[in-house]
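Assemble the dimeric complex from its two separately framed chains, guided by the hints.
Chains as they are written, first to last, in the numbering used here: chain A, 1 to 248; chain B, 1 to 320.
Honestly, the hints are just simulated from the structure, not real lab data.
Misleading hints may appear alongside valid ones.
Reference listing, derived: stretches of chain B covered by chain A, where coverage requires no fewer than 3 residues with Cβ under 8 Å from a Cβ of chain A [as the list claims (entries may be wrong)]: (1) 33-41; (2) 266-277; (3) 290-304.
Even for Gly, the Cβ is constructed at its ideal location relative to N, Cα and C.
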Amino acid sequence: MLHIDNLHVSVADKPIIKGLTLDLPAGEVHAIMGPNGAGKSTLSYTLAGRAGYEVTGGAATLDGEDLLAMDPAARAARGVFLSFQYPLEIPGVPALTFVRTALNAQRKARGEAEIGAPEFLKRARATAAALKMDFEMLRRGLNVGFSGGEKKRMEIFQMALLEPRLLILDETDSGLDIDALRIVSEGVNALRSEGRSMLVITHYQRLLDYIRPDRVHVLAAGRIVASGGPELALELEREGYDKYASAA
Amino acid sequence: MTGLRDALLSRDETRLPGRRDEDWRWTDLRGTLRPLPAVSDAVQPLAAFDEPEGVQVRRFAAPVTAGTFDASLSVAAGETLWLLDRVDAGAGAYARDLALDITLGEGATLHRLVLAADSADAVSVTRAMVSLAPGATFHQTVLATGGKRQRIETAVAHPGAGARARLDGAYLLADGRHSDQTTILDHQGPGGTSEQLIRGVAADQARGVFQGRITVAVGADGTDARLKHNALLLSDRAEIDAKPELEIYADDVACAHGNTVGTLDAEVLFYAMSRGIPEVEARLMLVEAFVGEIVERIGPAPLQDAARAFVADQLEALRR
Ligand SMILES: Nc1ncnc2c1ncn2[C@@H]1O[C@H](COP(=O)(O)OP(=O)(O)OP(=O)(O)O)[C@@H](O)[C@H]1O
Ligand SMILES: [Mg+2]
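Chain B extracted, bound-state conformation (with noise of 0.2 Å):
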């Protein structure tokens, strides 16, 4: 599927996704690793983290050079899980491809929570392939720091059948870097139910992507999917670029999506400054509320905190 893998264990560089590839245009890996890096099993040494208690948690070290890597997991009909996978920076520049297969039984509930963080000079693809039987529920929260390329990949397979997804997601972008989060979201049979938000900022001249495809297959009746975008440029040399899709080919479907990208309000800032809060932290207070939201919807607490602690860490290294 990905360009990536095939390129890396082909040893073949124009198979590497480039901007004519549609789902690939702001995330254009051409010429980014040049000469390709050699694939190995060796792998950067992980970085000190906290685990929580109370949750599943997966780190994905960064190769020295290039890897590839692959994981499945499934949650058994009736069970709950709550899982974390970090998604580990290292150092220098390094190329990773990691695929990922999630499958939730009948009425299973996965709570997932995936921290990625890469080095700036990383070209980095995380695909995550879930599967949904009836009556199961999915939230997922991405918080991305970006990379040279960073790319997190979701595709949901959704059975209708009273299952519900929820795909959040948020990044938060420093200095030259690249994060781009695409979710695509299957509604395959009747009565399914998804729900994304998804919130980003770039300052410097970092780029933020968000691409989500909604497909309501024929004979998914009553679906009901929405998707919402909002980004906050905090430079003018930072850009923001989301293609929000619908292709629905079933009746009584309810969908909806927005996608907006401003800038911090010029009064608001104002305000807080007015009342002795320095420019720069009443900026960091902005932008930690705006992407509070989705912390604050992640259910299960250890959950919440650790993706709190990851927002913070990234909050100090927009402060410079």
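So here's chain A without its partners, still in its complex pose (with noise of 0.2 Å):
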């Protein structure tokens, strides 16, 4: 599925990512932890193609296509969904026209028919009741006027609806209180399935009970510095991230 091979990637300048090496086969889940600043979500974002993010070497592909040659857009389309550590706020655009607008835009792109809206209505009633979201919430402007958590919860919404291949959740978790937790985590878990894989970057532990990777990497200034089971997160929440940063 997603290939990432001593990619190198700066900001403003600064190398951020620098030589980190990753394989996310097809159905599997991958955990991602590490230190502030060690690069987590500047991986995110290239993955995603967010200007500005310069990769200055090596390559990642999604099923052997040159990711990092596409605009967000047409990643989009072929199935990335980046979860945003913070979501942005849209004023006047209701959370159901944008993510309908998405829908229609991604299946176009794919040469499919577009989804009406007594369709799409049907769907995004369906998603929301699964995430014990108000519905009338999704007809005010995105995000606007929205928590943290319901924030993070809409992310999981927009998933659900837009059914990407490559989940890449950059600290779904942060925000979230023990029952958003608990059913944010039941909304990704619905989505795991053969075809699918995901990026679950975290810093807790808790949510890894709820989302059971099937590998746990630690990203330390830039790079993949161990990799391993889900007894690795364990270890980490033991004993912190100290004894990699020598490694880094």
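Structure follows, in structure tokens:
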């Protein structure tokens, strides 16, 4: 599914990702943990195609296609979805309108027929119910006046409707209360399937109790410095990142 | 008052207002009409337009060469009127001066929507003089798409005395177009309110101008006057000029004015694109939302629908 090979990324001429290699096979869930400032968000933005994240070396491919050559919208149409650490607000664009526009733009790019309003509303209602979201809230400007946790839930709502193949969750658990964490995790788990892969960035083992990863990677100073099974997350929780500071 | 009419009728080009005139410094008509076109009554055919129901519609056809036009309207005491003034575009380089008188009787209500379309080569000035009686309500929305020079001026004589005025507007400019919305709000008596919200978008090499002057005369105590202008530059060759002015000679007055000029938020654009919305569509979506707030403030549904359709058409021009 996703192959990242010796990736180097600079932001404002400052190297942040420094030779990162990662393999995410189809159907697997990999967690990425690492200290603040290690480059986790930089990696997600780079995969999503944000301007200003300059790839100075290496490659990233999705099912063999060069991901880095595509603009963000084209990547999304290929199935990339980044759940933002800090979702943006769009006043004047109702959440429902936004998601339907995005869904139909993706479908158009893939040569599929658009989804009509009634069918879309039906899906949106079911998804909102599953995530225990107030449907009326979805008629307001996207994320405007939403709490931090509500914004995160809105990200998962969008993800569920857009049905991406590569899910990148950047600290989706931060800002969520205990119930919301469970609901959001259930939403994510519902999307787990053979053809779908996930990169789950988090600081906390707690999320990984809900979303069980196949593998855990430690990202420090722009590189993957250790990889292991789910037990690695438990070890990090106990011992912190000290021993990786020297490896980095 | 305006020099365009004087210049056209006297055939004297030196009477055109230009950048040396304080009120016209960003809407220089000098040199735009050379030679001055001959004034005649001949007008261009009106474009097809679905007239909304329940609304009084006035169509102002574009002149063939140059023309001066007048119209007046009054809303009787206690009556309510929904009015759509459509200033038609026509084709080619014409000069138009349109002077409108509007009078509202005591307790009367007027919702006025102005759809100002002009050709890219037009020099066009529309002036409305609005006079309010006590207790009258005047809500206006001007939507403009610019011309070679386009000026839409609204002057309101406000008696205070419970009368309310709202002057909203939006301009959506592409190519090398220019549009100027100028408002003059004269609070002449105590206890009046006024509110203005103007949103503008300028792409390419377009130029948007907003001038809003609020005067609160001696004795117009307790006036509440608010004015806000927000504009977006969609290209680094576009230009926005704005001048809010307050002259207050009364006591206990609440006046607020705000003016912002910015660009589309790159982070928000990326967010939308990362969900699969192509850049051009994402930009238009954000512009539509920005201007949409003006449209949503229009009370009467038929006027709101007409405004929304006008904006949608103009967004297509920004797509290119
Ligand atoms: N626009 C920028 N200009 C300069 N430096 C930047 C910019 N954006 C990020 N950085 C730097 O890049 C490094 C990595 O940041 P990044 O946001 O990827 O970290 P992170 O691993 O996601 O951290 P956190 O756990 O706090 O979310 C940091 O040192 C940060 O200061
Ligand atoms: Mg981060």
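A quick look at each hint next to the structure:
no.	hint	result
1	33-41	violated (count 0)
2	266-277	holds (count 11)
3	290-304	holds (count 3)
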